[in-house]
Amino acid sequence: MRPIPWEVKRELLIKAEEETNPDYGCIPEKRPIKDYIKYGVINLDKPAGPSSHEVVAWVKRILNLQRAGHSGTLEASAGEIHLCPAFFQSPLKKLQRSYNPSS
Amino acid sequence: MGKDYICIMQLHTSVSENTLKAVLNEFIGEIYQRPPLRASVKRQVRIRTIYYLNLLEVQSNLALFQVGCQSGTYIRKLCYDIGEALGCGAHMKELRRTRVGPFSEDQTLANLYDLAYAQAAFSGEGSETHLREIIQPLENGLALLPKVYIRDSAVDAICHGAHLAIPGILKVETGIKPNTILTLFTQKGEAVALAKATMATEKIMEQDHGIAAKTIRVIMPINTYPKMWHTSKRVESSKNKSKS
Chain Z
1 MRPIPWEVKR ELLIKAEEET NPDYGCIPEK RPIKDYIKYG VINLDKPAGP
51 SSHEVVAWVK RILNLQRAGH SGTLEASAGE IHLCPAFFQS PLKKLQRSYN
101 PSS
Chain B
104 MGKDYICIMQ LHTSVSENTL KAVLNEFIGE IYQRPPLRAS VKRQVRIRTI
154 YYLNLLEVQS NLALFQVGCQ SGTYIRKLCY DIGEALGCGA HMKELRRTRV
204 GPFSEDQTLA NLYDLAYAQA AFSGEGSETH LREIIQPLEN GLALLPKVYI
254 RDSAVDAICH GAHLAIPGIL KVETGIKPNT ILTLFTQKGE AVALAKATMA
304 TEKIMEQDHG IAAKTIRVIM PINTYPKMWH TSKRVESSKN KSKS
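Line by line, the protein sequences give chains Z and B.
Here the first sequence stands for residues 1 to 103, numbered as in this note's numbering.
Here the second sequence stands for residues 104 to 347, numbered as in this note's numbering.
Hints were generated in silico from the structure; no laboratory data involved.
Glycine included, C-beta positions come from ideal geometry on N, C-alpha and C.
Hints are supplied without guarantee of correctness; some may be wrong.
[Stated by the list, open to error] Quick partial rundown of chain Z residues pointing at chain B, CB under 7 Å, derived from the structure:
1) Glu11
2) Tyr24
3) Gly25
[To be verified] Output of the computed footprint for chain Z on chain B, the stretches with three or more beta carbons under 8 Å from beta carbons of chain Z:
4) 209-220
5) 226-238
6) 263-276
7) 297-309
[To be verified] Away from chain Z, derived, C-beta distances all over 10 Å, residues of chain B:
8) Thr116
9) Arg137
10) Asp184
11) His333
The following block holds chain B by itself, in its conformation from the complex (with noise of 0.2 Å):
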């Protein structure tokens, strides 16, 4: 998920605007990085990509800027890069996440007392409305993944984990290589699971049988559709058998 972030930098020594934009220029794409001493993640050099890094204001020492960057980008650590190579040092003075892969700061944005004003209501009066615009399906977390729409029959088998089927498949969005993580989604547009793809969207177009991804988080609950498949003959009579 790619991330954006408005950030206050503090510059030990000042810099005139020029030097600090063409350094700055000089962040964008590929960056190497070792996340900072109290991170989460294995201190090693990581390549990030830094996607824009906008200068918007200087005031004497601190220099405001929007970066957009892949997720795993340690901004703080982006601070103290540029200012190493600035020569003069620098670090991050305050930061503000304005956007999460599909969520930004929009009308959806609510803040705690929101949430507990919309609870409320609902517990009080019985009113829905509020909370219902404040919370959002999970469908809206995944938009930005490729998506596949997939038959009523195919549901309930990928619920219990079976791999899609060309078959299943009713439409197929463009860019989907091997391996592109998808979400599968009905025609109601539930989301069911999430795939990994083992072809391209030309393939999938193309074939008429065969696996086109496999199924790797289910998200809906089995028998929310039911179960159109069949168990072969030698499954129900190894199962007989269990039985008797």
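Isolated chain Z, as found in the complex (with noise of 0.2 Å):
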């Protein structure tokens, strides 16, 4: 049986050191609140009614987004959590499928 994806646990092997430049890059919770939100997921609690696709649409428009995505979609009736990457290319959505539990 396969393990539960969530309980997997795994440890971090170390290669090699190296101090990383601070003159580039940010650390995630540190960006500025603009690229902050671009490279920002919720976890929404979606009410039952609505569909995803319209969650995501009022999202966008709370946010002031021009692309936002979802990442499954529940029948309109199910509440669900769900997640709006407010992500400039969303790539969340095929970043979910392209994770093979399998392998």
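Mind assembling these two chains? They're in different frames, but the hints should get you there.
Here it is, written out as structure tokens:
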């Protein structure tokens, strides 16, 4: 039987050590707010009723975003936990599709 | 991505709790499932894994249960199949998803009102705090995939679509096998790309050269980190030729 994906424990092995240059990049939590939203996801409590598609449209309108997506549809009548990546190209949906738990 | 649901199932006749429990237990593990009529995928029988299926409460003909399953499992269909197995028939009455991969009903869960309030606080008073509480970095969404941390010098090459070579690797998580989808991170913890491993963790630790993973999806924009790779002389000269 396959392990439950969220219970798999992994260990981090060190192959080499190196310092990172503070001049480039940014710790995700410290991104400037605009980038933070652009590269963000929301753990959203979708009410029963509206479809995921509608909810994404609302999120886009609330945050004034060009692009946003979600990572899985449930029937409109079902309440759900669902993510709205407020992502500039919203690849999260693709990410999750490409995640093959069997490998 | 694994999912977890809480579901109310309507049984078409009353069934004893023990019978119901016994039948539910039969559905744990690998099951065959044909997607329902209204489905977003091709309707052919597929194998899905049910990690657990716990009966929480029975009230007359209603059964409340919690199920953990592989993505692509239709719960409406699962209820129908349970009804068939019981012999009395059943259907799904209510459903709530309580987990998607790394996200569950914890303190990060927010509703649309919270979001609208946070956005109003931001556009009105310029306060970022609430927005930063509700929105999480996309890296959190990748938490269940194995991670590989890479050198600064490898980042921009990956952003341009290059595959990950062994010398660029600093840290690697256990449990990687060939074809595992993994995430490449900078040392600051930013996601650079998704890649498909070509070797296992052990081999990555042993080897000192070769391609360890093939980039399949770049997340970070190019030029976030400096370009540290050199174009070969032959490419340079051919570039010059095409210019002249």
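Status of each hint after checking the structure:
no., hint, in the structure
1, Glu11, "holds (5 Å)"
2, Tyr24, "holds (5 Å)"
3, Gly25, "holds (5 Å)"
4, 209-220, "holds (count 8)"
5, 226-238, "holds (count 5)"
6, 263-276, "holds (count 5)"
7, 297-309, "holds (count 4)"
8, Thr116, "holds (24 Å)"
9, Arg137, "holds (17 Å)"
10, Asp184, "holds (17 Å)"
11, His333, "holds (18 Å)"
Checked against the numbered hints above, the structure violates none of them.
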